[in-house]
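Number of protein chains: 2
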Amino acid sequence: MAEQSLSVFKTTSYQEKPFDHELSFGRTFTDHMFLMDYSEESGWHDARITPYQPLQIDPAAMVFHYAQSVFEGLKAYRSPEGDPLLFRPKQNLARLNQSNDRLCIPQVDEDFLLEALKQLIHIEQDWIPHTEGMSLYIRPTIISTQSFLGVAPSTNYKLIIILSPVGAYYKEGINPVKIAVENEYVRAVRGGTGEAKTGGNYAASLKAQETAGKDGYAQVLWLDGVEKRYIEEVGSMNVFFKIGNEVVTPRLNGSILNGITRDSAMQLLRHWGYDVVERDITIDELYDHYQQGDVKEAFGSGTAAAISPIGQLDWGENKMVFNNGETGYLARNLYDTLMGIQYGQQYDPFNWVVNVNQPVQSHVS
Amino acid sequence: MAEQSLSVFKTTSYQEKPFDHELSFGRTFTDHMFLMDYSEESGWHDARITPYQPLQIDPAAMVFHYAQSVFEGLKAYRSPEGDPLLFRPKQNLARLNQSNDRLCIPQVDEDFLLEALKQLIHIEQDWIPHTEGMSLYIRPTIISTQSFLGVAPSTNYKLIIILSPVGAYYKEGINPVKIAVENEYVRAVRGGTGEAKTGGNYAASLKAQETAGKDGYAQVLWLDGVEKRYIEEVGSMNVFFKIGNEVVTPRLNGSILNGITRDSAMQLLRHWGYDVVERDITIDELYDHYQQGDVKEAFGSGTAAAISPIGQLDWGENKMVFNNGETGYLARNLYDTLMGIQYGQQYDPFNWVVNVNQPVQSHVS
Ligand SMILES: Cc1ncc(COP(=O)(O)O)c(C=O)c1O
Ligand SMILES: Cc1ncc(COP(=O)(O)O)c(C=O)c1O
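For the protein sequence lines, the chains are A and B, in the order given. If you count the first sequence from 1, position 258 lands on 258 in full-length UniProt numbering, and the numbers rise without skipping. If you count the second sequence from 1, position 342 lands on 342 in full-length UniProt numbering, and the numbers rise without skipping.
Keep in mind the hints are simulated off the structure, nothing from the lab. Hints are supplied without guarantee of correctness; some may be wrong.
Same chains, same label: a pair holds when it works inside one copy or across any pair of copies.
[Said to hold, decoys possible] Pairs of lysine to aspartate or glutamate, EDC-like flavour, derived with a Cα cap of 16 angstroms: (1) Lys207 / Asp101; (2) Lys118 / Asp280; (3) Lys207 / Glu81; (4) Lys214 / Asp314; (5) Lys228 / Asp294; (6) Lys319 / Glu285; (7) Lys207 / Glu195; (8) Lys319 / Glu297.
Bound-form chain A, shown alone:
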């Protein structure tokens, strides 16, 4: 733990917790949050756990104008023994600093922040739902708070961690979705911010999503911004295809987010003996394989849903249906194994899980 200290200010008015069945995604927040400030003079300072409350922010704060901000997303799961478990949190904090670098935001002390996060989860652990498949979503965010209208990196920042108990992403378990290949809008491009988890990428995605939603699609599949041929991501998830005997996922080309579920899925698949290939793959190539009957499965990976099978992928007039529109073998096994590990119900071969109630512990990643 770093030199920095963490103050804790408990709330005096605890909320009544909703029933698990009342929860959807990201609308309910817990009693406390974590805050930390940055200034040029003091660096990151004043780390504190406080009652959840509105922020007082100057209307000239740079985040409102120039979107200099980054965020992360991970979850706390309840183990069979009732302990709060985190899944590879160090990866999220490392990625936060990678995003910081792209956005000219000062680096954070990852070790200190992990300890602070564990303390926050420890305090809020009663908020972790007990129902199978539910969890406590953790949202760290850094916003630029200097009151200045010049376009330049801010001199001041606020790091906030808020917590939201969330329902199962799929109400009835894992469920294949219908996706449209996006041909007009672009989420990210080589040389842009696609590799960083920063607000602007998501703002840029809204229009495509809205249009696809009206046409009955759950999400869009993003192509690269340069040639509009290379497959990048699906919605806010990474994407995998089982083609013949290989599992193919787009390589991290600079405009794709380095998903922690993506990495975990690759490790599991390789552990199981599959050939996993990270490479460029165009939508044309995928369609060719599809026509030859070689695409056995398609699925997305991400913290929100773990694994999300793609039942149908529409590329203009060309419609691809994978595994008869049903959840495939790999998607099912990855989903079950990830969930099993995340909820502490299954052997954790890679030492991925961090038990918040066991502070002294060596964990790899």
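On the provided structure of chain A, position chain B with the ligands as indicated by the hints.
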């Protein structure tokens, strides 16, 4: 004026105004601001002028996470008679709605907002600096305020207008700057958000600007995100080149902001009899013309500086010096004419200026 009404709540503690010579850009804000809220039930409502004050915003507000926001930038100038003048404000409000469309933000009533802006400027007119070249910068911003962590358009928004008295962009008048062609980072791409005035574009630009700044450049010249050859913008300005007898500016290709100064400069140049061509132009083509001695002048255009001559443009090893590094004839004339019109010191052939103290008036654009 629309049906909506505007409430005015005056401050009880007026700030002491700084001296003009103490002002730089975007650090000082006036006594009042304009606010308006949006909800699905009520549409845009509760339009009000209030004391300038911090906003109370939930830490889960979508703007902090997904950067769903747009903004505008224009100025109020003091006429020789002491009246506050706006320059083509309808263009800014029309562009605000174009940005809204791309970012899935509900449209605003432009006529109502113009009247509200005029009233705000009327109230704050003593804040407009008296010194030549200084003005009151106007920053309308719309932020998404729904407390929700799903990636989707917000159901709630806040429109804010704040005002900042600003110094002359060039302390000693118009001054040529040194620019680097950006080869690595990309600001915007076809299919992205470059045409909209939204925070994410500016967040994406910080890293390139920071790097160029360390190397002694004032700004970068942005190339297109697809081929990295086509010239797009310079810093936060549009860009012009005098090549032979033509004035060339990149056409509005979807990733370039439709600058109001750009349009005004084109109108003036055509009025003066110049051939102005909006077309694709690559950095290679520019360099070829340069080597043949055909590039007579280069300059940027934007609200902050009006016209900003480019003295030197470095494209890797290839260095281009325009007009001996001095302000060219066109840049000088455009600057003087724009300033003359904006400050009401010169005949306004296009009826561009709106006098805030003369409410009843027909103005074209
Ligand atoms: C754009 C994008 N891609 C991929 C992912 C998946 O990353 P992870 O597996 O770390 O959740 C996310 C979300 O988390 C995302 O926002
Ligand atoms: C990216 C960008 N391009 C161009 C401009 C110039 O536009 P305008 O002339 O309307 O100020 C601006 C700023 O205003 C800008 O932010």
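To see whether the hints hold, each was checked on the structure:
no.: 1; hint: Lys207 / Asp101; in the structure: between (27 angstroms within a copy, 9 angstroms between copies)
no.: 2; hint: Lys118 / Asp280; in the structure: neither (38 angstroms within a copy, 54 angstroms between copies)
no.: 3; hint: Lys207 / Glu81; in the structure: neither (44 angstroms within a copy, 47 angstroms between copies)
no.: 4; hint: Lys214 / Asp314; in the structure: within (14 angstroms within a copy, 47 angstroms between copies)
no.: 5; hint: Lys228 / Asp294; in the structure: neither (23 angstroms within a copy, 36 angstroms between copies)
no.: 6; hint: Lys319 / Glu285; in the structure: within (14 angstroms within a copy, 42 angstroms between copies)
no.: 7; hint: Lys207 / Glu195; in the structure: between (20 angstroms within a copy, 14 angstroms between copies)
no.: 8; hint: Lys319 / Glu297; in the structure: within (14 angstroms within a copy, 53 angstroms between copies)
In terms of the numbered hints stated before, the structure departs from hints 2, 3 and 5, listed from lowest to highest.
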